[in-house]
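Trainee: For the protein sequence lines, the chains are W and S, in the order given. Per this note's numbering, numbering of the first sequence is gapless, rising by one per residue and ending at 511. Per this note's numbering, numbering of the second sequence is gapless, rising by one per residue and ending at 511.
Hints in this document: simulated from the structure, not taken from any laboratory. Honestly, I wouldn't trust all of these hints.
When chains are identical, the list treats them as one kind, so a pair holds in a single copy or across two.
Here are the simulated lysine-lysine pairs, DSS-like style, with alpha carbons at most 30 Å apart [unchecked claim]:
no., residue 1, residue 2
1, Lys229, Lys500
2, Lys81, Lys283
3, Lys283, Lys143
4, Lys506, Lys457
5, Lys155, Lys292
Protein chains: 2
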Amino acid sequence: MKFKLKGTITFSKDATDADADINHFIENANEEILLKGLGNSDESEGAKIVNWDLDEDTLHLTIVSGHKIRAHDGLLRLKNPLSQLLGKKYHLGVRKLHVDEYEVTIPVGENEYVFDLNLAEKFDQLEDISIKDNKVTFVIKDIDESRLRKQSINRIIKQVAKKDVVTDEDGEELDITYKLNSTPGEIIATSPEFETYFEGDMTQTALDLGWVKQFPGKGQWFYGPEITALERALEKIIVERVIEKIGFEECLFPKLIPIEVMEKMKYLEGLPEGMYYVSAPKRDPEIFTKFKNDLIVNKEVPIDLLKDGLKDPGYVNAAAQCEPFYQFFSHEVIDESEMPIKFYDKSGWTYRWEGGGSKGLDRVNEFQRIECVWMGNPEEVTEIRDATLNMSHELANELELEWYTEIGDDPFYLEGRKHDDRGIEFPDIPKYEMRLKVPGQEKGVAVVSANVHGTHFIEGFSIKEAHNHRIWTGCTGFGITRWLFGFLSQKGFDKENWPKLVKESLKEVKVPKILTWP
Amino acid sequence: MKFKLKGTITFSKDATDADADINHFIENANEEILLKGLGNSDESEGAKIVNWDLDEDTLHLTIVSGHKIRAHDGLLRLKNPLSQLLGKKYHLGVRKLHVDEYEVTIPVGENEYVFDLNLAEKFDQLEDISIKDNKVTFVIKDIDESRLRKQSINRIIKQVAKKDVVTDEDGEELDITYKLNSTPGEIIATSPEFETYFEGDMTQTALDLGWVKQFPGKGQWFYGPEITALERALEKIIVERVIEKIGFEECLFPKLIPIEVMEKMKYLEGLPEGMYYVSAPKRDPEIFTKFKNDLIVNKEVPIDLLKDGLKDPGYVNAAAQCEPFYQFFSHEVIDESEMPIKFYDKSGWTYRWEGGGSKGLDRVNEFQRIECVWMGNPEEVTEIRDATLNMSHELANELELEWYTEIGDDPFYLEGRKHDDRGIEFPDIPKYEMRLKVPGQEKGVAVVSANVHGTHFIEGFSIKEAHNHRIWTGCTGFGITRWLFGFLSQKGFDKENWPKLVKESLKEVKVPKILTWP
């Protein structure tokens, strides 16, 4: 890559007296500061001031560079030493840096970068994009010092120009740990065969029997007494036979998650279109009086008045369920002797916006899940993940359910992480998914998702071990409404066919008849 | 009240040929149609066409009236008989009605109406408001037929001009059932005295001990293992000793409530400023790609892009918790022999936006509640309400907790209902609140709220009994996080002092130490 920057350094007053010293400084900078850290790379990979001109309080500069020390980073490097030099001798300060025009040239084609032109056109900042002789050139104009320091230019470039090697912000090649050594979909364990008693469409049958009723919200269901009894039985069995056996302690995790917490999760970079967003009302009695009057008079919800009365979206309805765990430990220091720490939560619904994808009782927008989250050294964390998975396998066998476990697709947090390589440590296989088979359907329904996150959340939430030892986190979600689906799909709706373990845990229910339904 | 209306009736074509018949019709109308239903009231309380003039296809009218048959209702009464008359003889139809100007005069002062001038000024529809000789006059202009039929004028008037007597939309005096024969705050039962072991600030102590930690969202808390164990113990005790004993069946109620369901509850007219509003994402990959890129580059959530990507608010986070029960039975017919129907839900958090009012662990925005809802004839419904309350009293005595129960303030649904008197039937006392005493504090913390709604939800959700017999609904909420607060405020944090019943139900917990907290 090549960079050409035209910009200015503005001093606190006229610097004409310092002209000779500035000339000298620049000649030196071209030999030292602007080449520092190049290592064995060619000098052309560094930065060089090729033109300069002092006009009263403004120093106009043209800097060219290769990709190791980019021209704008070079400009940033000049500020402090120049301030020191001129401050002492001339009582001159450097007031600000500014880039007027920044031309970036990126080689494309074989063994070079892949340039995403579609994406680039979505960045308003990139102007005059042209392609010629296997090179893409564009210009970014008018960058102030704060944007320079935020490194937003490097991030834009990283977005639009990708290589198989990934470099960090200083251009160093990184060990790309997020390139997984595993194949999503690869099956690592399967159950013995068991008898199944049902072949139809589980959702349709549940509807026909009146066990569930569709709720007006998309992908939402009202679960009646019969199916709730089964849900509670499965929950109890999983808690007693897996979760408590591994020593998880129950907590109550909040389920309304501030957007800033979700951003620390990297969920907003990964799957922002997959969540429900929540706004609190403003403190504005005037608007709400108007809203009520309008509603009373016109019998229609005045949605624009409502929108006027709401703050910007400040929350999401919990999507991952484990968010509060990391938040709880955020900026805290824990001694490794207290680890592993193992908490679980089963205090309420979590949500995914499935768009047009919600269907039946298996792919829903609102679901019950028991979420286990833990923290410890990498070995412990991996062992606990394995325990949740292995004990789930055993439990499913006891319940005479057919299952298989596969390597999962990249989890959401890697999605966001791909653009943000801060040397975060990842396990080889971040996600396993255990699925209950669904007779007559190729793919089973995912009932257990077991994850190890490496240092992803430890870094994101600034959690510290007392001796600065490495700690990782993991989480395993038991989708209880998914277990319901898989269970009924295999065992059917006749309780006689259900395994003893479930029958024993099942409460008797009395269900009222409705004349007009189901 | 006096009304003077200037408006038009538009025919489907020139009606000049029918002039004589129209004149005759109007003279008759003034004797019959416009006085119908007056009963013993003076004729001046009816409507009268005092001026009319046919101009091709348009009949210009001036109608004056008292408040029993208001002029605009008079205009509506003319349409059908006039259509019939002219249709047969002249093949003329009445195409539309329109009010050009409607002058309303309202007597104010002693024994007359109370006029809310501030409110009136908020209705853009009311023009030229003037006050003279103990009379308020205003004009409403340009009302089309659909707004006439929606009765929005009567509703506006009812909003701004109130009397101690309430009239229905035909001006009939109503039995004002929402004026309760009870005094909110009146205490109807109290507990014996029991020993208390704590006097401090419960929230502060829970924080000092590390039992809870503040979550970044307003009025939200992370409940750690110790307090969660107590929460689960109390939940179990209440379910086993009250809820299941009365025969409630557990269901899983959705917790994301579509706005149209909330409107049927009359919650939006009652307390719209007390809820969280939820928006789903639009199906617009373009915007979300832009959102992600912007977030990755600038490291700040681009809130305007996010707002562009969201639909209008379509849901609220459940505030009442019982909403799905009425929705479940909406438009269904149930035989009374299947009643009473008793369901309960404990499947997750519910929410109130408390604005600046949230404080401590007692007044929170996010809370756990067990909600019981039932339906049956008025006697059954009242008996069940009483049972939930009486058994809660007994349970609290067993737990050695001090409590008192008082008549509650008007519940939210009466708030909305005050503007909408459709002859809904209400019980004398719609709400009881049981409170646990908080040592050192005058008011206890409300832990049980027991409500009977009369026909409010039955009407709102169109639920029918097979023989069209009267059915009512009721609901009782057990605020579990409130029980926690009251319990710890009386019994303190030393488990030795807790009653046997709680100790027996309590799970052992192991709590990790954090070096930097609490």
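Trainee: Does each hint hold? Answer for all of them.
Mentor: Cross-check of the supplied hints:
In this assembly of identical chains, Lys229 and Lys500 lie within 30 Å of each other by CA distance both inside one copy and across copies; the values are 12 Å within and 14 Å between. Proximity of Lys81 and Lys283 under a CA criterion of 30 Å is satisfied in neither setting, with 64 Å inside one chain copy and 47 Å between copies. In this assembly of identical chains, Lys283 and Lys143 lie within 30 Å of each other by CA distance solely across copies; the values are 19 Å between and 44 Å within a copy. Taking CA atoms no more than 30 Å apart as the test, Lys506 paired with Lys457 passes between copies only; the shortest distance there is 13 Å, against 57 Å inside one copy.
Taking CA atoms no more than 30 Å apart as the test, Lys155 paired with Lys292 passes between copies only; the shortest distance there is 20 Å, against 55 Å inside one copy.
Hint 2 from the earlier list is the only one contradicted by this structure; the remaining hints agree with it.
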